[in-house]
Each structure stands twice: as structure tokens, then as C-alpha cells.
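Using the sequences provided together with the hints, build the complete structure.
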Amino acid sequence: MIGRMIAQNILRRPIRTVISVLAVAIEVGMVMLVVGLTHGMLHDSARRIGGLGADVMVQAPHASMFLGMTTAPLPIKLGDRFAQLNHVQAVTPVLFQFDSSGVSLIWGIDMESWNRVTGGFAYLRGGPFTGPYDVLVDDWYARQNHVRVGQTLHLLNHNFRVAGIVVHGKGSRLFIPLVTAEHLAEQQERASIFFIKCTNPGYTDDVIHSIKELLPNYTVLSVQEYMSLLTSNDLPALTDFITVLVAIAVMIGFLVIFLSMYTTIAERTREIGILKSLGATKGYIIELILREAGVLCLAGIIVGYAGTWAGRMLIYTTFPTVTVELTVRWAAWAALLALTGSLVGAFYPALRAAQLDPVDALAYE
Amino acid sequence: MEPLIATHDLKKVYRIGKVSVPALRGISINVQEGEFVAVVGPSGCGKSTLLHVLGGLTRPTSGKVLVDGNDLFGMSDAQRTRFRAHKIGFVFQRFNLLPTLTARDNILLAQQIGDGCNPHRFASVTAMLGIVDKLRYRPNEMSGGEQQRIAIARAIVCEPKILMADEPTGNLDSENSQIVLNMMRAVNREFRQTILMITHNPAAAAVADRIIRMRDGHVVSD
Ligand SMILES: Nc1ncnc2c1ncn2[C@@H]1O[C@H](COP(=O)(O)OP(=O)(O)O)[C@@H](O)[C@H]1O
Ligand SMILES: [Mg+2]
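For the protein sequence lines, the chains are A and B, in the order given. The number in the numbering used here is simply the position in the first sequence, starting from 1, with 164 added. The number in the numbering used here is simply the position in the second sequence, starting from 1, with 1 added.
Any given hint could be a false lead.
Think about it this way: if two alpha-carbon atoms lie no more than 30 Å apart in a straight line, the pair counts; the simulated DSBU-like pairs of lysine-lysine are [stated by the list, open to error]:
#1 A:K446 to B:K162
#2 A:K241 to A:K376
#3 B:K65 to A:K446
#4 B:K65 to B:K12
#5 B:K162 to B:K135
#6 A:K446 to B:K12
#7 B:K12 to B:K162
#8 B:K162 to B:K65
#9 B:K65 to B:K19
Note that these hints are calculated values from the structure, not bench results.
Right under this line is the structure:
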């Protein structure tokens, strides 16, 4: 019977129902997309860093885990000093440039040392840079953006000629000559990061140790360590960011359900009076209201899942190089958060309803 | 024989801000099991208040109410709620059916809330009140007389010790009033249902065994 009352209440107030369901759906979608996007981006970049073939990476002090977020570049001369260390086979500097028009991180690379560290690109079409305003793109980027060799790409407020299309998986999706990147950044002889290849991966720790002795405050990581940092589920820096967004999302669901149930109680005061005159206990009334909120929330979760899927499609068509990683684990978390928020939001209205005086409630117009 | 309802010097004073409204000024009445009692009196004399207090919906300012030997206001709120669900059925002037539920569900709801009611009672009650073919309708699809019969069915489906009715014919035309009154009489006879009924209807008084007249919060004749 409770089920039938709830069904009727939900069907008879379609606007309230739609708004409540949408709020929970937005909550669920926001949580899943935010988490999915960050995880996707991190795992993606972890894979590409891993694909470089380098063993050690050196960045400025307090460098962010997100490559390209750090602006303070290092003098390129440092590379020579790294090269002289024991067990170092090759060193290559990279200067990051953010192209805001396409949300892509462009790497300025020094082709000669790059080849020594990474083993060089595999070209699917075209070949290496022949001039300063040449760009290499990976096959993924080329496919998504229908890029052909010889075509012009407008990047960093300049026209670049596509010199070659390379197999994806080496650091970035877009590469330009280091000197050009330095010129555009007005940073002469500077690099954002050094990638170092050891004579044998077994020497990685020794090399890191030597660099730390040389430059105690710098951010020196093994590529292995960096990758596991990116793919772990509890990133300190990331958690803050996600927590804020998740909290906002949960707040939306909580407030809308609270308001929705609160106004419902006011509207249904007489009905609650009738239930109480029949001998319905406080527990019965609370259960009635909480279950109604629960049903709204479950509908919201389902719509939210559908919305997440649609949102991912939209993201993929708008930003083709972005990955959104949706996991069952986070789907469950999003649902749990939504349900908890909704029940907490409905609890005060439910308590108010349960405490109504039956005679007053029956007299309510 | 021990009365089903017993009360002595019952008082109820409403307070609205600084103003005190004495609604019951010392009521002493007993109702025996199986009796059909009508309560009459001018508007505002305290009839509804008396019904709410005897039915456990409103706490008296002073005085005790014993129903079936139980001290109604000596119980906790939760105990009294459960007691009401099992022992007291209400019928109101405004029918008070849940608008979203069908007639059947309105009656079943009372059985569900009354938890442990005899499920076979549903058939005999609805047959006796002549509402078997109305059960699938919602309140707004029924006449006032039909709604009130559903409300009576709902009130007695759990075999309460006492049925309390507050002007059950107050919103009905004379024909429907007569039908509802006849039903009340029949319920009283066939199920030996104790009934306490407030009414303005002179015909109503005629179907009752006993008439209690009230004025200004007092019983003036019994
Ligand atoms: N909830 C209330 N708050 C304040 N005064 C009330 C309340 N209910 C009833 N009264 C007052 O108590 C008196 C008796 O009311 P009531 O029991 O409803 O009388 P009746 O049912 O005989 O018309 C009236 O003066 C009424 O105004
Ligand atoms: Mg009255």
C-alpha cells in the first residue's frame, strides 16, 4: 500500500518529480564525468609517458603531477650535466606549450636527443621536421581531426605545416621543434622537463640519487614511479579537486530533494493527518517519506547513468583526444552518494511530518 | 459491567497565546460495550474536542480516560498510537479518504496500519455497507454518501472497540444522510459495534440508544 501511495504521489506531481529526478541525475552525472575525465586524462598521459622509453624525469622544484601545469622552466644547460653522470645513456629536454584552442599540450622537442632517448618516432606518413614551423601529429589526432601531411594547422597563433604523422603513445599527440617552442614561449634555452635514459633500467635509482645530490630541490622521479602515481586511486592533489566537485554535486541533490519533500509535506498535511488518525506511527510516516525520496533518487540515478553516457558521447565529439574513464566502482559511489544525500535531505521533512498533531493536520486547508 | 469508556471530570483548555478557551469543563460519562450513543449540542460546545480526547487524538488538560480498562493518556505516544490503530475507528464529517487511493486501498490501508487485523473482515464489512461494487473507484469518483460508507468501512475493518463519528452526515443531503445513519445502526446491531456519534441531525438522534446533550463544555442531559 505504501508503494501505491508513493507511486501516486510521484505521478501526480510531474513537475516536482521531474525536477527532483533531474537534480539527482545531474549529481550522478557530474560525479561520474568529473571522476571519469580526470582518471581518463591521467591514465592516458601515464600510458604515453610510459611509452617514451625514458627511465627518469626531472622537473623544476614543486612541479605539478600534471605535466604542463608547471611554468618555471629549467635551463637547458642542465642537460649536459645530466649526460655526464654515470649510467646515463641519453638526455632530452622538452618544453611544453599549451594550445588553448584545442586543449592539447604541445611538446617542443629536440629531435636528435629525442631519438636517442626514445628510439625515434615511427612515421606512418611524411617524416621529421624540415623547418621551424613544422608539426608532427600522432595517428590518433590525425584521424580525429582529419589531418593530412602537408596541411596547415593553426597552433599557438601560428600556422604550422604537418610534416608527419607518427604512431601514438610517445608522450604527446603534437610535437614541434624545441627552438620554435622556446621562441614562441620567449624562453631561450629553456626546458620544462628532461627525460633521461639509463644505460640499463636497473641503474634508474642510482641516476636519481646522483641527480638529487646535484639538485636537491628538483622534482626527480622515475618514470615507473610517476606512472604508478598517476594510476593510483588516491592521488592527494587530485582528491581535493574531485572532492570539491563531488561535494557540490551532492549538495545539489540534497537541496533539491530536501525542498521537494519539504513542500510535499506542506501540500499533504491533511493526508498525513488522515494516516495519523488511522493510527499510523511516526515510523510509518517517516518510512513513507523516505521511501518516496528513495524512489525519486533511484530514478535520478538511472537517468544520471544515461546522462553520463550521453555526456561522454558529447565530450568525445567535442574533444576527440580526451578519454573519459567510467568505472563500475565510481558508478556505485555516485549512486551511494546520491542515495545518502537524498535520504538525509528527506529526513528533516519526514520528521516534521511524523510530528504533526493529527487534529491540527486534519483541520489544515 | 465495566464500561468500555469511562471518564471523570474531564477538562480541556485550549491556549491561544494569552487567551484560554475552556472547551471541556468537567465531563463525566461512561459508555457501555455495544451502546450507540449520540452527542448533540450547539456549535462550539465542545463535542469534537470530547471526541478527540476520548479517541486519544488530543490530550486533556486534566482528568483520565479509560478505554477498555486502559488509561489512554498514561501510555506513551507510541503505545497510544498503536492502541488507536487497533481499538478506535474514526469517521469524520469531511470523509477524509486518501484522494490518491481507490476505495479498496483506503480500506486495506487501515488494515495494514492496524497490523494484525482479521483479513476476512474486509469482505463482510464491505458487503454489509453495500460498497462491494464501489471498491475500484477513487474518492472523487464517488458521491458523498458512498465516500462516507467507505470511510465507515475503513473505520471498522479492524474490529475496533469503539467507532467515533464526528457529524458523519454533516456534508450529506437528507437521503444520503438517512442511508449513512441506517448503516451506522446496522453496524451497531450486526457487529455489536459500540458507537459514539456527534450529530446535529435530529434524525440521527432517533437511531441512537442514548443521547448526551452538551452545552458550554458541560453535559446537560444524558
Ligand atoms: N485547536 C483549537 N485551538 C483553540 N481553540 C479550539 C481548538 N479547537 C476547538 N477550540 C475551541 O473550543 C471550543 C469547542 O470546540 P469544538 O470542540 O470544536 O466544538 P463543537 O465540535 O461542539 O463545535 C470552541 O470554542 C472552539 O473555538
Ligand atoms: Mg465539531
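Hints versus structure:
1. A:K446 to B:K162: holds (23 Å)
2. A:K241 to A:K376: Measuring from Cα to Cα gives roughly 17 Å; hence the hint holds.
3. B:K65 to A:K446: Holds, at about 24 Å.
4. B:K65 to B:K12: holds (9 Å)
5. B:K162 to B:K135: OK: K162 (chain B) and K135 (chain B) at ~26 Å, within 30 Å.
6. A:K446 to B:K12: holds (27 Å)
7. B:K12 to B:K162: Measuring from Cα to Cα gives roughly 23 Å; hence the hint holds.
8. B:K162 to B:K65: holds (18 Å)
9. B:K65 to B:K19: holds (26 Å)
When held up to the earlier numbered hints, the structure conflicts with none and fits them all.
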